[in-house]
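Q: Quick mapping for you: the protein sequence lines, in order, are chains A and B.
Just so we're aligned, residue 1 is where the first sequence starts under the UniProt record's numbering, counting upward by one.
Just so we're aligned, residue 1 is where the second sequence starts under the UniProt record's numbering, counting upward by one.
I should point out that these hints are in silico values taken from the structure, not numbers from a laboratory.
One or more of the hints may lead you astray.
[To be verified] Computed beta-carbon distance windows for the label pairs:
#	chain 1	residue 1	chain 2	residue 2	range
1	A	THR172	B	ARG118	29 to 35 Å
2	A	MET19	B	LYS156	25 to 31 Å
3	B	TYR15	A	MET19	29 to 35 Å
From the three backbone atoms N, C-alpha and C, an ideal C-beta is built for every residue, glycine too.
Letter by letter, the chains look like this.
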Amino acid sequence: MHNVLSRANALLAFTLWVMAAVTAACFLSTVFLDYTVPSQITVKDIKVRSIVDYATDDQQADLATLSFNLKVDFTRIFNWNVKQLFVYLVAEYKSKVNEVNQVVLWDRIVERGERVVMDEIGVKTKYYFLDDGTNLLKHDNVTFVLRYNVIPNAGYLRLVQSTNQIVVPFPTTYSTTRRS
Amino acid sequence: MFSEIRQMNVRQLLYQCLNFAMVVSSALMIWKGMMVLTGSDSPVVVVLSGSMEPAFHRGDLLLLTNDHEDPVRVGDITVFKVEGREIPIVHRVIKVHEKNAEDTKILTKGDNNQVDDRGLYAPGQLWLSRSDVVGRTKGLLPYVGMVTIIMNDYPKLKYAVLAFLGLFVLLHKEN
Numbered sequence: 001m002h003n004v005l006s007r008a009n010a011l012l013a014f015t016l017w018v019m020a021a022v023t024a025a026c027f028l029s030t031v032f033l034d035y036t037v038p039s040q041i042t043v044k045d046i047k048v049r050s051i052v053d054y055a056t057d058d059q060q061a062d063l064a065t066l067s068f069n070l071k072v073d074f075t076r077i078f079n080w081n082v083k084q085l086f087v088y089l090v091a092e093y094k095s096k097v098n099e100v101n102q103v104v105l106w107d108r109i110v111e112r113g114e115r116v117v118m119d120e121i122g123v124k125t126k127y128y129f130l131d132d133g134t135n136l137l138k139h140d141n142v143t144f145v146l147r148y149n150v151i152p153n154a155g156y157l158r159l160v161q162s163t164n165q166i167v168v169p170f171p172t173t174y175s176t177t178r179r180s
Numbered sequence: 001m002f003s004e005i006r007q008m009n010v011r012q013l014l015y016q017c018l019n020f021a022m023v024v025s026s027a028l029m030i031w032k033g034m035m036v037l038t039g040s041d042s043p044v045v046v047v048l049s050g051s052m053e054p055a056f057h058r059g060d061l062l063l064l065t066n067d068h069e070d071p072v073r074v075g076d077i078t079v080f081k082v083e084g085r086e087i088p089i090v091h092r093v094i095k096v097h098e099k100n101a102e103d104t105k106i107l108t109k110g111d112n113n114q115v116d117d118r119g120l121y122a123p124g125q126l127w128l129s130r131s132d133v134v135g136r137t138k139g140l141l142p143y144v145g146m147v148t149i150i151m152n153d154y155p156k157l158k159y160a161v162l163a164f165l166g167l168f169v170l171l172h173k174e175n
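If we strip away everything but chain B, and leave its shape as in the complex, we get (with noise of 0.2 Å):
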């Protein structure tokens, strides 16, 4: 490996090291422009626990929007964010009070919880805001989301993972 690097001459380095740069900002492009077009902060998660099945199971991909002129409506799959959880929880709207677009208020509840998610919420919040919301699941696709979980659930892979990710954009030739 270090003999490849010794036959590299400068030029060829740094060829290398700008085409690492390009697949690294073109990776982050893509995310925020993905977070422009749908309007929300996070427009892809990957569901991490049961409470949807069947229709969501764990390591499933969601796809996100978060358009404020479309408002939330009962049957909506909605990922909402409650003070003091770190992780954003995707359940379904089955209640709206709406006195105005911003004065909302709503209820979820996951499909396969036996009760609604007061529970969930901060202490003493009966009911969500829109401003609470961060997105509605609107696209699903199966079994994706399972790498990062694997990922999450042994760090020791991840970064091994992109060691040799890195080592390979790095020191590949093309021929």
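Extracted from the complex, chain A is given alone in its bound form (with noise of 0.2 Å):
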């Protein structure tokens, strides 16, 4: 009655249940815990400059231009099961045009393992900070904000916003410099 097919049978089955069964305990260990973790923002050097930009309805647009410090320490979120985070600063804005415009101006992957205390200091943006029109100029509630993607080995793949988050005003005069 017990020959090998049945045998092997019987131990895939059970070996797949068991990875199953640990892969779901795994996931509800981690599901219900709090994510959140402070961070502290300071922008500097704001520049905003009018350009041609095509991808914009009327061809102009404004882009500005910054640096921003950064401090966060992402050790207590770093569980059995998650494998890595992805971390972003959002600039986030309302216009005349838009109700809603966010644009992420630098992201970092920090994966399990590696240094996960950040204190960056003088970090210029990695992508171009372009309104979808001519609205950065004088705006003066423009909101920063740290936000991050908590991924995990396997579950439910989690959005986080860091509690603080800072509003600068923008200059008000556009500035003819060329980039530094």
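Bring the two chains, given one by one in their own frames, into a single complex with the hints.
A: Okay, structure coming up:
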């Protein structure tokens, strides 16, 4: 009755069952935890230029340049079901044409076992901070906030917002100097 | 094998066929039920490329939802379709300009790519709209999708496995 095939079948079925159970336990043990950490952001040297941009409807767009300092400690987030964090800095604002504008200025992949404490000074943006029109000049309510995507070994992909955010007023005149 | 069929009487044969039909229809029901629950036409996708490494590797299984009440925001990992490309792409949103829920400009980029996705979009297309997005990644199961990748790479193996499973279900006698 117990030939090789039926034994192999039983073994395979049991292995798969155990692996599924362990994966589910891994997911359930981490899904209700709190992943929020505070961060400190300071933004400086904001300059706004007016440039020609073919991706914008009226071909004229505001380009902002800036640098920022960032201080954040992700140590307590890394439990056994965290493979990687995708950390990104977002500028968020409302404009005349758009109800919501969100632009990612900078991002970094933080893998398990890497340096998970960040203390960055004078970081330049990684992506262009380009508006969908000419609404960045004189804008007084641009919010900068750090968010991160917690990527698990198996389970729920969570988007978390760090507790601190800052609002910075933008310059009132266009900068004409060349970009440094 | 054929002697087994000969040994079966008509009732038994009918029972086995019905059993087979049950297996197929319950699989279909689970798939369609997931479509209803998640609101997405393809609630499960398998990662085929390395453009989102190290978050997703080839063969990972992703679970998607497509809730239109919940607007697309930066950081979301969207699955979108581009005209002229059959296979949907799984990339992260890096820019959103939203006039209202339906009129939204979205720009995406793969975590492991150096540039944004404008080169992948249809010629002349600069932004994605909400209707291009077919789902958003909410869950991750590693390695599970490897099975489908192997099956697609070796179609003969796929047919062999399907034939074997079909015969097994039809001929298997419960003791």
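Q: May I ask which of the numbered hints given earlier this structure violates, with the numbers listed in increasing order?
A: none
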